[in-house]
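Trainee: Here are the chains, one letter per residue:
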Amino acid sequence: MKLTIERATLLKSLGHVQSVVERRNTIPILSNVKMTAADGRLDLDATDMDLDIVAGVAADVSAPGSTTAPAHTLYEIVRKLPDGTQVELDATSDDGQLALRAGRSRFSLTCLPTEDFPVMAGGDATHTFSIAAGELRGLIDRTRFAISTEETRYYLNGIYLHSTDRDGTSVLRAVATDGHRLASVECPLPSGAAGMPGIIVPRKTIAELRKLIEDSSDDVDVSLSEFKIRFTFDGAVLTSKLIDGTFPDYQRVIPEGNDKEMDVECRMFGDAVDRVSAISSEKSRAVKMKLADGILTLSASSPEHGSASEEIEVDFAGDEIEIGFNSRYLLDIVQQVEGDAMRFVLADAASPTIIREVDDESALYVLMPMRV
Amino acid sequence: MHHLCRDCGKLWEPEAVGSAAGASCPICHSRRITSHTELVDLSIAHIDCDAFYASVEKRDNPDIRGKPVIVGGGKRGVVSAACYIARISGVRSAMPMFQALKRCPQAVVIPPDMKKYSAAGKQIRTLMEMVTPLVEPLSIDEAFLDLRGTESLHGTSPAQTLVNLVNRIEEEVGVTASIGLSYNKSLAKIASDLDKPRGFAIIGEDEALDFLEDKPVGLIWGVGKALRSSLEKDGISKIGELRRFSESELMRRYGAMGKRLHEFSHGRDIRGVDPISTPKNISTETTFNNDIEDVDVLARELWLLCDKLSTRLKKSATGGGTVTLKMKTADFKTVTRNRQLAVPTQLADDLYQTGRSLLEGVADGRKFRLIGIGVAKLVPASDADYADLADPDRARRVSVESAMDSLRERFGEKSVAKGRGLKPR
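Just so you know, the sequences run in chain order D and U. Quick note on numbering: my numbering labels position 54 of the first sequence as 54, and the sequence is numbered without any gaps. Quick note on numbering: my numbering labels position 87 of the second sequence as 1087, and the sequence is numbered without any gaps.
Where hints are given, some of them may not hold.
Stretch by stretch, here's where chain D covers chain U in the computed footprint (C-beta under 8 Å, at least three residues) [claimed, not checked]: (1) 1163-1171; (2) 1338-1352.
Below are the DSSO-like pairs computed for lysine-lysine, each with C-alpha atoms no more than 30 Å apart in a straight line [unchecked claim]: (3) U/K1333 with D/K283; (4) U/K1196 with D/K288; (5) U/K1010 with U/K1196; (6) D/K283 with U/K1196; (7) D/K283 with U/K1280.
Taking CB as the label site, the calculated pair distances span [claimed, not checked]: (8) D/G318 with U/A1403: 30 to 36 Å; (9) D/D94 with U/K1233: 37 to 43 Å; (10) U/K1122 with D/G245: 46 to 52 Å; (11) U/A1381 with D/G318: 30 to 36 Å; (12) U/A1381 with D/E214: 29 to 35 Å.
Keep in mind the hints are simulated off the structure, nothing from the lab. We put the CB at the ideal spot given by N, CA and C, even for glycine.
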């Protein structure tokens, strides 16, 4: 294998794949990135056995072939090269080394045989569909903050993606929960996704996918089965195993009988929560919301720091209610709201509360209250 | 040198009275004398009843007083307590019953009657608390007592107060106890074991280092089998040998425990006597009559234990944050597995589901003689089993169990039970 490629192009593709590679590996080959050059194109492949990303870029290939080299080292080198340099990658010698030449720099990297690099098969996809990258970003961004990191309930360590039906419309819905909060976001069901199995996409896959589609406005092709999912777009292919578990029947925890509605201007609310929570204790982050006619009073107190309160005008007409929330969870949700106003639908101080955007039905959040 | 008569509580200095070096009491002529230079200066005590369960049984049944008595359960059970006559034949507590009976075939075996022992234990606790409010119970029949500042209240030194206390326990409860007196808890506990039964041993500040020099490291509070063997690997088997190492060296090698090793090797223990010491974990276990390998049968036993543990948690208004499964194989290897819960619980069902999943990992066809389940990271009941968005069924499980609990309260423990505890016909 021998090729020449512009430094920025190589850096970007390496950046896409290198974060898949774990810092510590017991299997040496998993520290490496596989490079395959042919027909004016370089494919970079990295995997942790659960997740595999292949990113392809145009390159000036003078000798087709393939090799593997340490991913993090290669990335560090390319990152430190001056912008605009042409990088030459040469694995044509017999010494098992990859020579990297750029300007006056010379590097020699130890390679491992390509045959040892694990191949992650896509498996037989049962469902295939396309979804706009923007739509996919929306599903991810508005749910990922609620993904649990708790190891015991591993089936919560991802986003639950499934097709369902709301008021007679078929939707693709993403749900995540850590037990304290739940985020449910949907978009119209893409054709081809009807009848797809409910799947749990792992947190790491979500993070890598989100990075890959950051600037994309194209469609992403999705193919999936009960065990694997593959995203293909713009020269990159991400294949991932799914979490083998059963996501809880979340519909049952979304309260239906909540009857107290409060509408509040989103930024104003977020800023006030942020200010008041400066006083609440580091551990609980609790803020108290007291709702009376047209006025929401946010307050917090801690034995060490003192107390704070702030009043906001809201649209509320009902019996007075006091309820406590973790301020961080409130702010996480506020950040996802794109419209001007958000709506709280409450029952009482001990029951889960629904939060949603006033003009957007596609996202719904449920928050457990705290005792304050 | 001070002398104390353990029968009448008389305290004297022989030089003053002129008797023969304190060989017998100048008042009652008893020969049960304890002598020590620091006798009147020490005030942290450990009181431990002698062969407690067996002593209670002997108290209640004069016919067995002269016989070896073992309290323990069943053919497969272990010795809960052995009287001092049985101990002559080599019977020890926690020894499997068959082994005990091999050593002492003529022993009278009595199944434990916990209600009786706990009544006697409470009586003893009450007597202790009349002497000082700082009583830290370690178990039903032993406790630490801090007697600092009680001299003017009782008009006697701590040592005299203790002698009077154990004499009163003997009279009113009918069992004997041994006293360990020192200047900290660890040494007091060690001392109470030195002169058993009906003993009184003292470890003073001046002699502590010499005393500890040749003692095995296993004597240190918190040093179990694992730590002992890693200490031995490092060439440390006696407490005195720990003093060769600096505190930082011990901490580097053995972590937080290293600090304790260092402190204790110098006779120091900063723990105070803590009367409200709450338990750190709650557990229950059972030894089978016949070894079990079938995972379903093990699971049934596990369920019965979970039910029992849950009842205890509910009674003490406590929830557990981690669940521990303990199993012992037929060849006496102990296996334990822990799991942290997402939400602390006191529900029998949640304990069981977690325990069962741990059991699946342990039961691999080996035969087991014991199974146990316990919880740690205890929290108040109000912080357990709260609603959680990721577990829509929890509210239902809470109400099922509280319905079962109220039925049991009205109609008795056995009035309602889950089918998984039933034996197949």
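Trainee: Run every hint past the structure and note whether it holds.
Mentor: Consistency of the hints with the structure:
1. Three residues within the 8 Å Cβ limit are the bar, and the segment 1163-1171 of chain U against chain D gives 0, so the coverage statement is violated.
2. For the segment 1338-1352 of chain U, the assignment as covered by chain D holds, since 5 residues bring a beta-carbon within under 8 Å of that chain's beta-carbons and 3 suffice.
3. The straight-line distance between the Cα atoms of U/K1333 and D/K283 is roughly 41 Å, outside the 30 Å bound, and the hint therefore fails.
4. As the CA atoms of U/K1196 and D/K288 are separated by approximately 60 Å, the hinted pair breaks the 30 Å bound.
5. At roughly 21 Å between alpha-carbon atoms, U/K1010 and U/K1196 fall within 30 Å of each other, so this suggested pair holds.
6. Taken as a hint, the D/K283 and U/K1196 pair is broken in the structure, with Cα atoms around 50 Å apart against an allowance of 30 Å.
7. For the suggested pair D/K283 and U/K1280, the alpha carbons sit about 23 Å apart, so the restraint of at most 30 Å is met.
8. Against the hinted window of 30 to 36 Å, the Cβ-Cβ separation of D/G318 and U/A1403 comes to about 34 Å, which satisfies the hint.
9. About 49 Å separates the C-beta atoms of D/D94 and U/K1233, a value inconsistent with the hinted range of 37 to 43 Å.
10. Checked against the hint of 46 to 52 Å, the pair U/K1122 and D/G245 passes, with Cβ atoms roughly 49 Å apart.
11. The hinted window of 30 to 36 Å between U/A1381 and D/G318 holds, with their beta carbons roughly 32 Å apart.
12. About 48 Å separates the C-beta atoms of U/A1381 and D/E214, a value inconsistent with the hinted range of 29 to 35 Å.
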